[in-house]
Amino acid sequence: MSSSLSSAEPRGSRPKRFLSPASIMIYSALLVAAIYYLIPLYVMIMTSLKGMPEIRLGNIFSPPVEVTFQPWATAWNSACTGLYCEGIKVGFFNSMKILVPSVILSIIIASVNGYALSNWRFKGSELFFTALIFGAFIPYQVMLYPLVIITRQLGIFGTLTGVVVIHTIFGMPILTLLFRNYFVSLPPELFKAARVDGAGFWRIFLQIMLPMSLPIFVVAVILQVTGIWNDFLFGVIFAGTKNFPMTVQLNNIVNSTQGVKEYNVNMAATILTGAVPLLVYFFSGKYFVRGIAAGAVKG
Amino acid sequence: MAGSRRPFAPLRNLNAKIAAVPMIVTVLVVFVGCTLWTVVYSFTSSRSLPTLDFVGMDQYVRLFRTSRWTVSLKNLAIFGVLSLSFSLVLGFILAALMDQKIRFENTFRTIFLYPHALSFIVTGLVWQWILTPAYGVQKVVRDLGFETFTFPILTDGRFTIYAIVIAGLWQGTGLVMALMLAGLRNIDDEIWKAARVDGIPAWKTYLFIIIPMMRPVFITTLVIISATIVKVYDLVVALTNGGPGISSEVPAKYVYDLMFSRGNLGQGLAASTIMLTTVLIILVPWALLEFRPRYRKGEVSK
Chain D
1 MSSSLSSAEP
11 RGSRPKRFLS
21 PASIMIYSAL
31 LVAAIYYLIP
41 LYVMIMTSLK
51 GMPEIRLGNI
61 FSPPVEVTFQ
71 PWATAWNSAC
81 TGLYCEGIKV
91 GFFNSMKILV
101 PSVILSIIIA
111 SVNGYALSNW
121 RFKGSELFFT
131 ALIFGAFIPY
141 QVMLYPLVII
151 TRQLGIFGTL
161 TGVVVIHTIF
171 GMPILTLLFR
181 NYFVSLPPEL
191 FKAARVDGAG
201 FWRIFLQIML
211 PMSLPIFVVA
221 VILQVTGIWN
231 DFLFGVIFAG
241 TKNFPMTVQL
251 NNIVNSTQGV
261 KEYNVNMAAT
271 ILTGAVPLLV
281 YFFSGKYFVR
291 GIAAGAVKG
Chain H
1 MAGSRRPFAP
11 LRNLNAKIAA
21 VPMIVTVLVV
31 FVGCTLWTVV
41 YSFTSSRSLP
51 TLDFVGMDQY
61 VRLFRTSRWT
71 VSLKNLAIFG
81 VLSLSFSLVL
91 GFILAALMDQ
101 KIRFENTFRT
111 IFLYPHALSF
121 IVTGLVWQWI
131 LTPAYGVQKV
141 VRDLGFETFT
151 FPILTDGRFT
161 IYAIVIAGLW
171 QGTGLVMALM
181 LAGLRNIDDE
191 IWKAARVDGI
201 PAWKTYLFII
211 IPMMRPVFIT
221 TLVIISATIV
231 KVYDLVVALT
241 NGGPGISSEV
251 PAKYVYDLMF
261 SRGNLGQGLA
271 ASTIMLTTVL
281 IILVPWALLE
291 FRPRYRKGEV
301 SK
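So the protein lines, in turn, are chains D and H. In terms of UniProt numbering, the first sequence opens at residue 1 and continues consecutively. In terms of UniProt numbering, the second sequence opens at residue 1 and continues consecutively.
Watch out, some of these pointers could steer you wrong.
Straight-line C-alpha distance at most 25 Å; calculated PhoX-like pairs for lysine-lysine [to be verified]: (1) D/Lys-261 with H/Lys-17; (2) D/Lys-192 with H/Lys-17; (3) H/Lys-193 with H/Lys-101.
These aren't lab readings, by the way, just hints derived from the structure by calculation. Every value quoted in this text rests on a predicted model; they were computed, and no experiment measured them.
The shape of chain D in the complex, shown without the other chains (with noise of 0.2 Å):
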């Protein structure tokens, strides 16, 4: 109900009118709408804090009557997946072995390779460039079989070595995507002025253009934190049973056939596999934004 004033014709941002009949509707629209999306949050959080005599009675939306973190307790400890009864923290911890050498090589490559693409091109790397951006496209059950063997061969299927390299392999169109696009559209002359000054390749990347570009390994190490935990096909296929990931554990634990469902632990094990991308999300905000629209953008 902000207060309107002049006669005169208006300037700047149209003026907000918090309760016109159009502004109402648009506000319902958006609410209905925010509800759908919160409803499957809403129901995680509560149906974990739930025992079971309670889910059994009651229905999923009402708020447990009685809080208890017992869930949570057994499924980060005790849950089982298959044969073992370890919980999803066995999942949390390869996960976060998978995630922070996958995350630190693929970002390294890539941005030393988006800078040579812009800064330094070569006969063909234009071609090579073009052809990365379309090989995201394929689907990756294409080449899933030859992987297979060619990680067998070099030794190194079934490992953390093995699913280390496989999402690097797999996240180096969109990260060269983006770091090409950011230092491209950095002033060119700095890179001459640093040329003149007798600089080199590596000097000008670690010198000049690496501190010039926190904002952008921030939206890279958001993508790839996001893209490489949620990841599950690379982790069944190419870490080894030992090293499954978080979501594969979470799986096995909630479509696992024996035993009786525990609906609240299959909850919490799902709500603690999701946090550590929404954490992500909750405090990166505008860099996820980001990082999602890149994808977009064209190269």
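Could you slot chain H onto chain D? The hints should help.
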């Protein structure tokens, strides 16, 4: 720009070439090499191990005689058409609503986009729980007094693919909204002013001026979502695991199962080659449109 320099010796600009080695290897070995390998071996009689015993189109003939594969294709078509149309329409409407200079824009954006940060596995499991007949939506409605209400979306094979559509839309519409909103924000304010001066109602402005102007955004979004739709795998594994029976199988899952659990490589490779073809059918027209010579840009096609 340094980009115009022409190296005369292979050793010139060596550092850049070293930096590009991972990209070159990825393109040549993975994207080109592995893809060709798959296409070639899809014409062989490979079972649990690859062999170069060529049998022509046999694998493809057998593939299209397998009901599990045809069901997969049908499901992918239903999933694809529904996801595309709903996510584009809903995503655009949400973006248009968000573009009305509203308050709490950031809050709404955060809410619409958070599912996109989650794994398909998480999404699939949550919706499995919400849609479980014994505890989920069906029970809640029955408890309200409608005791004969049935909502067998996960137990009746005729409907399971729609459960996957619902979950997929929940996860994916926020992304479309974000892309559309960025597109709307790129529209010059002058357009809106001109339309208002001419007395054109807002909905007409959207339909006949803004949407045609946003054609590139729509096309790019379409291509991005289509490419992810063809790949849909985790969501199905978590939500229904293809069941009940084979009612919610999808091509990506068919490929994985035949290659890695059934040891029928030839079938898996043929199926993945069909997936590749599908993507090419979507991708090639777009690429031709998008990357045609620049001087034709702005010209209306057709």
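Going down the list of hints, with the structure as the test:
| no. | hint | result |
| --- | --- | --- |
| 1 | D/Lys-261 with H/Lys-17 | violated (55 Å) |
| 2 | D/Lys-192 with H/Lys-17 | holds (20 Å) |
| 3 | H/Lys-193 with H/Lys-101 | holds (15 Å) |
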